[in-house]
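From first to last, the protein sequence lines stand for chains A, B, C, D, E and F. FYI, the numbering for the first sequence is 742 to 853, going by this note's numbering. FYI, the numbering for the second sequence is 742 to 853, going by this note's numbering. FYI, the numbering for the third sequence is 742 to 853, going by this note's numbering. FYI, the numbering for the fourth sequence is 3 to 412, going by this note's numbering. FYI, the numbering for the fifth sequence is 3 to 412, going by this note's numbering. FYI, the numbering for the sixth sequence is 3 to 412, going by this note's numbering.
Careful: at least some of the hints might be erroneous.
Label-pair restraints from in silico Cβ distances [as the list claims (entries may be wrong)]:
#: 1; chain 1: D; residue 1: K381; chain 2: B; residue 2: D807; range: 27 to 37 Å
#: 2; chain 1: D; residue 1: G195; chain 2: A; residue 2: E837; range: 27 to 37 Å
#: 3; chain 1: B; residue 1: T844; chain 2: F; residue 2: G191; range: 47 to 57 Å
#: 4; chain 1: C; residue 1: N779; chain 2: D; residue 2: G362; range: 51 to 61 Å
#: 5; chain 1: D; residue 1: G384; chain 2: E; residue 2: T264; range: 10 to 20 Å
#: 6; chain 1: D; residue 1: K381; chain 2: B; residue 2: K751; range: 45 to 55 Å
#: 7; chain 1: F; residue 1: L73; chain 2: E; residue 2: G85; range: 29 to 39 Å
#: 8; chain 1: E; residue 1: G195; chain 2: C; residue 2: K849; range: 34 to 44 Å
#: 9; chain 1: E; residue 1: E101; chain 2: F; residue 2: S359; range: 38 to 48 Å
#: 10; chain 1: F; residue 1: V373; chain 2: B; residue 2: K751; range: 51 to 61 Å
#: 11; chain 1: B; residue 1: K849; chain 2: D; residue 2: K381; range: 52 to 62 Å
#: 12; chain 1: D; residue 1: K381; chain 2: E; residue 2: M265; range: 19 to 29 Å
Just so you know, these hints were derived from the structure itself, not from any lab. Positions of the beta carbon are idealized from the N, C-alpha and C atoms, including for glycine.
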Amino acid sequence: MKKIEAIIRKSKFYNVKKALHNIEVNFFSYWDVTGVGNEKEGHVYRGVSYSTSNIQRRYISIVVSDEFEQITIDAILESAYTGEVGDGKIFVLPAEEAYRIRTKEKGKTSLN
Amino acid sequence: MKKIEAIIRKSKFYNVKKALHNIEVNFFSYWDVTGVGNEKEGHVYRGVSYSTSNIQRRYISIVVSDEFEQITIDAILESAYTGEVGDGKIFVLPAEEAYRIRTKEKGKTSLN
Amino acid sequence: MKKIEAIIRKSKFYNVKKALHNIEVNFFSYWDVTGVGNEKEGHVYRGVSYSTSNIQRRYISIVVSDEFEQITIDAILESAYTGEVGDGKIFVLPAEEAYRIRTKEKGKTSLN
Amino acid sequence: MELLTINNVWMMICTALVFFMHLGFSFLEIGLTRQKNTINILFKNFFVITMGLVVYCLVGFNLMYPGDFNLISSGILGFAGFGLEAPLIDGGLDLAYSEGYTYWTDFLFQGMFAATAATIVSGAVAERIKINSFMLFSVLYVGIVYPIVGSWKWGAGFLDSLGFYDFAGSTLVHSVGGWAALVIVYFLGARIGKFDKNGKSRAIPGHNIPLASAGVLILWLGWFGFNGGSVLSADPANTSLTLVTTCLASAAGGLSAAFISTMMYKKLDITMFMNGILGGLVGITAGADQMGPTSSILIGIIAGLVVVLSIRFIEKRKLDDPVGAIAVHLFCGIWGTLAVGIFGNMASFEQFIIQLSGVGVVGLFCVVSSVILILLIKKMCGLRVSEKEEKEGLDLAEHGMDAYADFRIE
Amino acid sequence: MELLTINNVWMMICTALVFFMHLGFSFLEIGLTRQKNTINILFKNFFVITMGLVVYCLVGFNLMYPGDFNLISSGILGFAGFGLEAPLIDGGLDLAYSEGYTYWTDFLFQGMFAATAATIVSGAVAERIKINSFMLFSVLYVGIVYPIVGSWKWGAGFLDSLGFYDFAGSTLVHSVGGWAALVIVYFLGARIGKFDKNGKSRAIPGHNIPLASAGVLILWLGWFGFNGGSVLSADPANTSLTLVTTCLASAAGGLSAAFISTMMYKKLDITMFMNGILGGLVGITAGADQMGPTSSILIGIIAGLVVVLSIRFIEKRKLDDPVGAIAVHLFCGIWGTLAVGIFGNMASFEQFIIQLSGVGVVGLFCVVSSVILILLIKKMCGLRVSEKEEKEGLDLAEHGMDAYADFRIE
Amino acid sequence: MELLTINNVWMMICTALVFFMHLGFSFLEIGLTRQKNTINILFKNFFVITMGLVVYCLVGFNLMYPGDFNLISSGILGFAGFGLEAPLIDGGLDLAYSEGYTYWTDFLFQGMFAATAATIVSGAVAERIKINSFMLFSVLYVGIVYPIVGSWKWGAGFLDSLGFYDFAGSTLVHSVGGWAALVIVYFLGARIGKFDKNGKSRAIPGHNIPLASAGVLILWLGWFGFNGGSVLSADPANTSLTLVTTCLASAAGGLSAAFISTMMYKKLDITMFMNGILGGLVGITAGADQMGPTSSILIGIIAGLVVVLSIRFIEKRKLDDPVGAIAVHLFCGIWGTLAVGIFGNMASFEQFIIQLSGVGVVGLFCVVSSVILILLIKKMCGLRVSEKEEKEGLDLAEHGMDAYADFRIE
Ligand SMILES: Nc1ncnc2c1ncn2[C@@H]1O[C@H](COP(=O)(O)OP(=O)(O)O)[C@@H](O)[C@H]1O
Ligand SMILES: Nc1ncnc2c1ncn2[C@@H]1O[C@H](COP(=O)(O)OP(=O)(O)O)[C@@H](O)[C@H]1O
Ligand SMILES: Nc1ncnc2c1ncn2[C@@H]1O[C@H](COP(=O)(O)OP(=O)(O)O)[C@@H](O)[C@H]1O
């Protein structure tokens with residue numbers, strides 16, 4: 742089992758969700774984070790203009806079985822892409838076990 | 742060491758917290774996420790009624806020593822349960838090390 | 742590759758960010774969480790005074806290559822420190838792979 | 003004619019200000035409750051003001067100002083018929099109706115008051131009542147109970163003959179709302195999690211203190227109309243005195259509650275400051291035209307104390323009132339009514355006893371009618387949402403909507 | 003002199019209340035849209051009220067009240083010159099200008115109305131229009147189109163001679179704004195994600211319902227001035243009747259829309275409650291001084307129905323109006339104008355036909371001018387932001403600012 | 003009698019509107035600051051309005067309107083005794099007190115102004131001042147400094163004899179508040195993180211721009227009363243002219259600041275739009291009854307420029323004013339006072355010099371007294387919270403409460 746974490750542009754979320762849906766990954770959680778990276782955003786506030794690398798992003802967390810790893814990653818790579826600095830990252834972490842609370846079952850079948 | 746991530750109903754949080762407290766797991770972090778899964782929620786907005794699988798959930802992250810793994814999982818499985826679709830998931834990830842910032846100690850004793 | 746997760750005081754975030762910057766770790770994501778731990782905060786609301794161990798904290802997530810692990814941890818240990826209960830924790834998790842969406846490259850070079 | 007015109011302008015402005023209090027109540031209530039019940043509270047408030055006006059138009063007004071108490075004489079119950087019937091003369095409105103306002107202004111000003119009484123209940127029962135039951139209750143309360151009580155004094159009924167004094171409604175509006183709040187809160191029970199196993203009260207912080215504070219300032223503004231308009235004309239001496247006593251009592255109430263609670267809890271608790279201001283406003287309402295600056299300040303200071311102590315007292319009794327409506331409207335309403343016998347122009351032991359009787363009679367009637375109504379409604383449709391609905395929030399269960407949703411459809 | 007003074011006081015208060023409607027519109031619009039476009043909407047609203055007053059001072063007022071229609075006679079087009087020119091007598095303001103208000107009050111009251119028309123557009127085109135294009139359009143609309151239409155009736159032009167009746171502007175203000183909204187929404191296209199591939203409408207929930215609700219109550223308050231001030235004096239019978247009909251229609255509109263939509267969708271939809279209240283207000287506006295309580299309630303009830311159905315109808319046509327401005331201001335504006343021929347003192351088949359013609363003439367003129375203006379502006383600077391900007395939000399793209407940022411710089 | 007009644011109605015309404023400005027200030031200040039200090043700001047604002055009224059009742063009013071300057075003659079210092087003493091005749095209020103208002107209205111209107119001066123300070127010192135020190139300072143400032151300055155002009159003191167003109171308080175209210183703000187900001191130092199090591203100013207974005215914008219519109223509404231009421235009667239020509247000049251200057255100020263800042267920073271900065279509107283309002287305040295439409299627009303345009311430049315200037319001096327109070331109230335207050343000598347009926351070189359002297363004298367007195375008070379307070383209880391408290395937020399440290407907490411007890 743793998744945990745796939747993707748940090749993407751908020752404006753690409755809908756796309757990514759559709760792409761995941763197409764490969765039948767309909768199970769994930771997401772939340773909004775602030776990302777620090779290469780991208781800069783121009784701001785102005787009460788006459789001070791400044792640029793910040795703190796940018797709102799969406800964090801998607803999906804736990805998949807090993808055989809779904811690559812196809813999930815590819816789907817995100819494709820759908821979150823704009824080609825401009827700030828498209829985000831995907832990280833893969835090992836996961837040992839998963840449980841579905843409703844049925845108490847564990848293992849692969851509990852993932853969806 | 743293990744990192745246990747539980748995605749639960751917000752309405753069950755108080756229960757889960759109490760259950761963790763009972764097994765003396767008084768150390769964790771949580772935040773609110775949107776979950777996509779099997780559960781659907783009926784909504785209506787300005788005359789459009791729709792159902793969405795994007796549901797507010799609470800994300801709990803606990804790092805425990807190996808011997809606490811199962812008892813923590815069991816506590817959550819028990820206390821977050823309603824039996825209806827949408828009860829949530831528990832994921833277990835390996836964790837390599839933990840530090841307490843205040844004392845700079847590392848390892849098991851830094852967990853609580 | 743390692744995923745370093747630090748749970749720190751919100752009031753120390755600026756310090757930590759500077760410290761990470763100094764060791765050239767300019768890439769991370771963060772969000773606000775509620776932490777349950779040893780620290781207690783005194784509150785009062787409509788005549789009920791109470792103390793809670795649910796405290797607002799900032800969660801920082803950084804994926805680094807192995808050689809950066811220790812230096813990153815040390816930087817956070819130093820910069821997030823006040824010596825009082827509630828300074829927070831650092832956890833280290835193994836990470837298997839990282840991708841940069843913009844270039845689709847993977848591995849170490851995709852981290853920054 | 004000029005005088006009527008100017009009086010009527012003042013009364014219309016006061017009507018607008020009392021109307022605006024409904025925004026104040028909304029902000030206060032949603033600010034002091036949890037996010038997951040926000041839509042529900044707003045919906046109730048919208049319902050109360052819209053239904054209140056329509057029902058008061060259809061029955062309330064003519065029950066409250068029946069003229070000759072044709073149903074039960076001696077000033078107890080009368081009804082002048084359904085709907086509004088403007089007095090006409092030569093095809094136009096008869097302006098001799100009153101020196102202070104026209105028939106239409108009279109109705110609208112009174113209608114805004116009526117809706118207020120029901121809104122007071124709304125805050126106290128928030129976060130757990132079934133919305134249908136609440137709506138049913140408020141229709142009946144605004145349509146029947148409130149106007150009957152009102153007729154006893156403002157409709158020239160028996161309380162008026164007795165010499166009972168209630169300038170702008172410490173008892174007739176605020177306590178009437180407060181008693182109903184108390185009864186329903188009792189039958190409804192506390193929100194889940196409000197009291198621990200040992201019965202100790204726990205804080206359930208509201209989700210938007212800025213809006214709650216705005217609500218308080220808007221209510222204060224509304225009170226310019228609530229009390230200022232209760233002069234029922236623009237008489238310069240009376241109206242301006244009334245505004246001064248109102249503002250000073252409000253200010254003193256806030257300062258006193260803030261001071262006392264800071265002494266007690268060592269933190270500067272803004273929610274007590276807020277309730278103290280409101281307590282001062284309710285407290286001065288019964289005698290706003292009978293006091294001078296000093297007595298208003300004293301009334302306010304005591305109202306601040308009353309609020310702080312009664313909030314405590316109420317919670318000790320395991321009654322759960324999320325916004326403090328009972329403390330503010332019922333307890334300070336009683337205090338204000340009694341204060342007319344203690345301070346100001348009318349102060350006398352005799353008057354005090356009359357005031358006390360008025361409080362008692364109104365209280366009894368409101369409690370009894372509320373109990374009857376609420377038990378009936380409980381039987382018919384139940385009072386309280388299910389545990390699941392309460393935990394998930396009423397917004398989702400009853401409205402299928404989030405108060406602060408954003409871009410959730412994707 | 004006393005009468006002028008009191009009339010003028012009333013008119014100034016009404017002016018202040020109409021001004022305050024701009025806060026109502028702001029809250030309503032930002033509440034019903036997404037967080038990422040909040041600053042943009044606020045900026046537009048600030049622009050509309052500030053620009054509106056200045057432009058109306060420079061050209062609008064004298065185009066709307068030209069006196070003798072010196073450009074195209076028969077009451078079609080006139081212009082009394084740039085800027086304001088107060089009538090003087092002995093070096094002081096000539097108070098004989100009108101019994102009901104001074105020259106200055108007249109200008110300011112009318113100026114607030116003018117800005118309102120442009121604000122109506124702002125909500126409908128939110129979340130995707132280029133701000134420069136919007137600003138350009140509103141300057142021209144407030145400066146030229148609105149005052150020309152206004153002159154036809156309120157400036158004593160040909161619609162007035164025809165016997166067309168529009169007390170406070172169901173047509174002259176609300177429909178004028180609504181037609182422009184309709185045209186621009188048509189040319190602009192829907193927000194990304196509003197309709198799926200099959201053309202089915204999808205919900206894009208707004209981000210702050212509490213503020214949206216507050217907006218509705220503030221607008222209702224503002225309508226005390228909008229309709230109450232349209233009496234153009236403080237005449238006690240007329241002003242107070244107007245307030246009563248306004249409030250009853252509003253209440254009935256809200257209740258009816260809430261009831262109907264609850265029947266249709268099984269959930270208590272507060273956004274429909276809100277739109278129903280506004281629909282009732284717009285609906286009564288044309289005949290607020292001609293109705294009694296019963297007809298106002300009926301007009302409100304029907305307006306509530308009109309709102310619910312027209313929101314549906316509009317979305318079926320794939321027109322995307324995030325706040326329901328077209329349903330509320332255009333459809334209920336038309337309904338209200340026609341209602342003058344159906345209910346109340348003026349009801350007659352003849353009047354109905356006149357009202358219908360008025361609706362038609364104004365509609366035609368507004369649509370044609372809006373189309374011309376919008377095509378011109380499209381050519382000059384484009385209408386719609388880029389897809390990227392829309393997705394990331396206009397706040398970032400055009401303003402470089404977050405509505406709820408906090409401590410982001412460190 | 004009719005005339006007094008109507009004048010008094012107008013003055014009471016204006017009083018209510020000035021009161022309402024306190025909500026405007028609250029919204030503006032919390033909107034432009036960080037979430038962690040929200041409760042603190044609200045608490046300060048509640049304190050200022052409640053304490054302000056009580057203190058002004060106890061000492062301020064009789065210090066500001068002492069009658070015969072019994073302490074230091076030549077119109078410098080007088081005191082008519084503690085508390086309020088209404089003039090009576092035959093046991094009732096003596097209505098001959100003034101043609102424009104009763105004694106009570108006079109007090110309340112002036113009391114609302116007094117509280118305003120302290121509120122101006124509150125915004126500038128936000129996010130780092132010790133609340134006790136702030137409260138102490140405002141008691142003394144509202145109770146002593148403000149009324150003494152006021153007595154020089156409005157209490158018929160020496161500035162009045164000199165021919166100094168300040169219609170509604172560009173200097174007497176706004177600059178008086180602004181000077182104190184400047185002094186305390188200087189002694190307090192900047193918020194942590196406001197300036198980087200090189201002294202470059204950094205943005206610390208506020209957490210709720212929608213509320214800040216609402217604050218601006220509410221303040222604008224309040225100014226209808228602030229300036230309109232300063233006519234001290236309902237005189238139709240003067241009041242209505244005043245409202246027109248007020249609104250035009252406000253509109254022009256907003257447009258000009260928005261335009262200039264957009265030119266300078268290439269983004270449509272709504273915070274500058276907001277400050278420009280407020281700058282225009284402060285700028286017109288000194289001469290609102292002396293200007294025509296064109297001069298008001300010009301005064302507004304220049305005020306917009308003053309705001310944009312002075313915000314910059316202030317930050318360059320490393321003074322940290324989170325809400326722009328110094329730029330708006332002090333700089334535009336000075337500009338407005340001088341403008342009386344430049345534009346409108348009173349324009350003359352001589353008048354300009356008198357205005358300049360007035361600005362100087364008042365400035366000197368305010369700065370000196372503020373410095374004395376603040377150094378005293380610093381000695382007694384310190385000025386600034388600890389670094390830890392500032393970083394964690396004043397809400398936690400001083401109030402133990404979160405502004406937007408929700409269900410945190412579990
Ligand atoms: N090593 C990392 N650990 C955690 N988050 C990261 C890391 N690197 C990048 N991110 C996240 O990814 C986002 C996009 O990365 P950025 O460097 O700006 O763009 P790009 O990947 O196109 O160079 C950042 O804002 C941050 O949230
Ligand atoms: N594979 C997964 N990865 C991440 N989060 C998941 C995953 N599967 C489920 N979740 C989370 O768990 C929540 C509950 O799951 P759901 O499928 O709706 O209910 P059930 O587990 O009862 O079938 C989802 O809303 C989502 O937040
Ligand atoms: N085992 C854990 N798993 C996840 N989060 C933890 C764990 N232990 C502590 N934390 C987080 O760290 C924060 C600080 O820890 P706390 O115990 O209060 O202070 P200290 O580390 O100084 O004893 C907590 O509020 C919580 O968010």
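Evaluated hints:
1. Here the CB-CB span from D/K381 to B/D807 is close to 57 Å, at odds with the stated 27 to 37 Å.
2. Between D/G195 and A/E837 the C-beta distance comes to about 35 Å, which sits within the given range of 27 to 37 Å.
3. For B/T844 paired with F/G191, a C-beta distance near 34 Å fails the hint of 47 to 57 Å.
4. Our hint of 51 to 61 Å for C/N779 and D/G362 holds, since their Cβ atoms are close to 54 Å apart.
5. At roughly 18 Å, the beta carbons of D/G384 and E/T264 sit within the given window of 10 to 20 Å.
6. The given range of 45 to 55 Å is broken by D/K381 and B/K751, whose C-beta atoms sit roughly 33 Å from each other.
7. Judged by the Cβ atoms, the range 29 to 39 Å given for F/L73 and E/G85 is violated: they are separated by roughly 50 Å.
8. Take E/G195 and C/K849: their Cβ atoms lie about 37 Å apart, and the range 34 to 44 Å holds.
9. At roughly 44 Å, the beta carbons of E/E101 and F/S359 sit within the given window of 38 to 48 Å.
10. The hinted range of 51 to 61 Å is satisfied by F/V373 and B/K751, whose Cβ atoms lie roughly 53 Å apart.
11. Between B/K849 and D/K381 the beta carbon distance is about 59 Å. The supplied range of 52 to 62 Å therefore holds.
12. For D/K381 and E/M265, the hinted distance range of 19 to 29 Å is satisfied, since their beta carbons lie about 25 Å from each other.
Taken one by one, the earlier hints fail for this structure at numbers 1, 3, 6 and 7, listed in ascending order.
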